[in-house]
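Protein chains: 2
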Amino acid sequence: MTGATARRRGRPPRTEAADTRDRILASAREEFSERGYDKTSVRGIAKAAGVDSALVHHYFGTKEQVFEAAVEVAFAPALNAPEAIADGPLDGVGERFTRFVLGIWENPTSRKPLLAILRSAVNNDTAAAVFRRLVATQLLRRVAAQLDLPDAELRAELAAAQLVGCAMLRYVIKVEPLASADLEQIVARVAPVVQGHLTAP
Amino acid sequence: MTGATARRRGRPPRTEAADTRDRILASAREEFSERGYDKTSVRGIAKAAGVDSALVHHYFGTKEQVFEAAVEVAFAPALNAPEAIADGPLDGVGERFTRFVLGIWENPTSRKPLLAILRSAVNNDTAAAVFRRLVATQLLRRVAAQLDLPDAELRAELAAAQLVGCAMLRYVIKVEPLASADLEQIVARVAPVVQGHLTAP
Numbered sequence: 212m213t214g215a216t217a218r219r220r221g222r223p224p225r226t227e228a229a230d231t232r233d234r235i236l237a238s239a240r241e242e243f244s245e246r247g248y249d250k251t252s253v254r255g256i257a258k259a260a261g262v263d264s265a266l267v268h269h270y271f272g273t274k275e276q277v278f279e280a281a282v283e284v285a286f287a288p289a290l291n292a293p294e295a296i297a298d299g300p301l302d303g304v305g306e307r308f309t310r311f312v313l314g315i316w317e318n319p320t321s322r323k324p325l326l327a328i329l330r331s332a333v334n335n336d337t338a339a340a341v342f343r344r345l346v347a348t349q350l351l352r353r354v355a356a357q358l359d360l361p362d363a364e365l366r367a368e369l370a371a372a373q374l375v376g377c378a379m380l381r382y383v384i385k386v387e388p389l390a391s392a393d394l395e396q397i398v399a400r401v402a403p404v405v406q407g408h409l410t411a412p
Numbered sequence: 212m213t214g215a216t217a218r219r220r221g222r223p224p225r226t227e228a229a230d231t232r233d234r235i236l237a238s239a240r241e242e243f244s245e246r247g248y249d250k251t252s253v254r255g256i257a258k259a260a261g262v263d264s265a266l267v268h269h270y271f272g273t274k275e276q277v278f279e280a281a282v283e284v285a286f287a288p289a290l291n292a293p294e295a296i297a298d299g300p301l302d303g304v305g306e307r308f309t310r311f312v313l314g315i316w317e318n319p320t321s322r323k324p325l326l327a328i329l330r331s332a333v334n335n336d337t338a339a340a341v342f343r344r345l346v347a348t349q350l351l352r353r354v355a356a357q358l359d360l361p362d363a364e365l366r367a368e369l370a371a372a373q374l375v376g377c378a379m380l381r382y383v384i385k386v387e388p389l390a391s392a393d394l395e396q397i398v399a400r401v402a403p404v405v406q407g408h409l410t411a412p
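Line order of the protein sequences matches chains Z and X.
Just so you know, the working numbering puts the end of the first sequence at 412, numbered straight through with nothing missing.
Just so you know, the working numbering puts the end of the second sequence at 412, numbered straight through with nothing missing.
Check each hint, because a few of them may be wrong.
Each pair may be met inside one copy or between any two copies, as identical chains are not told apart.
What the hints assert, rightly or not - The calculated lysine-lysine pairs, modelled on DSSO-like cross-linking and capped at a C-alpha distance of 27 angstroms, are: (1) Lys-258 x Lys-323; (2) Lys-274 x Lys-385; (3) Lys-385 x Lys-258; (4) Lys-323 x Lys-385.
Source of the hints: derived by calculation from the structure; they are not laboratory data.
Keep in mind it's a predicted model, so treat the numbers as computed, not measured.
Sequences are here, hints too, so could you generate the full structure?
Put into structure tokens, the structure is as follows:
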């Protein structure tokens, strides 16, 4: 993935540079997770990665761009999801979308970076813009495009709203009984709603 | 309301004390809104209200308790809502709940304190606990109690999840086309879902 990223950005695939980039990205994810967008600085990321701030700027640019790169890595599995969600019978798309989103939140390892992104997006307009670009443009629009239905984008967003709200109340605010409810019970109630948003006439 | 609050807390309804309490609460709301839970201090609230920190502690207790009191005031209209939401034909409860929640978010004046609470709750576990007590216990359980249906609490929470997610994507993250969609169009799509969560067999 590192080599691919480096190539995509037009740099020669040198191993040392790739390692440094990776180390900076890992530190950035850690810093943004721990401190949130506002309290994270390029200097702090550089220090945690054991490099000079100038090198962080050289590889990524501004703090917003470091954030976007870090979020993009955390989001990489999700960005391959639209095809998987759309792939299969249309009457199962609601359940596939629901299982995909709740599956990410259910797993503590994938929940952590997502929570960090959500926290930053709720607190800071720049981080919200990054979240918007990645989630809306890359994830939801691609789900919508494959549905090929009128109002597909609004439909995908309202479906996502049900899932985002579930994640908020279950994993972040931890409201009971939702927080302790069996995942299958939630899927059974939520998947038909997501399906309805996406495909109901 | 001030007199009522003072009486409810068992203090004599002295005007000067009530004024001071109000001033502290107003400063607390402002500080929590501007800085978020983590960065707000009792000292900062006291300074903004022009009183000594000891007086803030005397009236409210810990920072968490000041936060809860400030949130409670911001939430006061919502806490009277369950009866209004439940009042009327059962097949209109989804639309009444939807219009109530989106109505608060639609109005910039009532959106601001709600956004501050949401930001704090997403970022801080103590603030999340306050949000949980107020929203879950006081709002959702009372809606659920009046529905008198099996799994009423989980139903109310999944309905709320749809509305919370809508609010997040429309007013906080501002995903398009949802952010600019006509409110009536959203109500038309979301109210039946909320109704289904609350009352479908």
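Q: Using 27 angstroms as the alpha carbon limit, work out where Lys-323 and Lys-385 are close: within a copy, between copies, both or neither.
A: Result: close both inside a copy and across copies, 15 angstroms intra and 23 angstroms inter.
Q. Can you tell me if Lys-385 and Lys-258 fall within 27 angstroms by alpha carbon in one copy, between copies, both or neither?
A. Result: close neither inside a copy nor across copies, 34 angstroms intra and 34 angstroms inter.
Q.
As a check of your reading, is Lys-274 near Lys-385 (CA-CA no more than 27 angstroms) within one copy, between copies, both or neither?
A. Between copies only: 21 angstroms across, 31 angstroms inside.
(Q) At most 27 angstroms between CA atoms: does that hold for Lys-258 and Lys-323 within a copy, between copies, both, or neither? (A) Intra 22 angstroms, inter 36 angstroms, cutoff 27 angstroms: intra-copy only.
Taken one by one, the earlier hints fail for this structure only at number 3.
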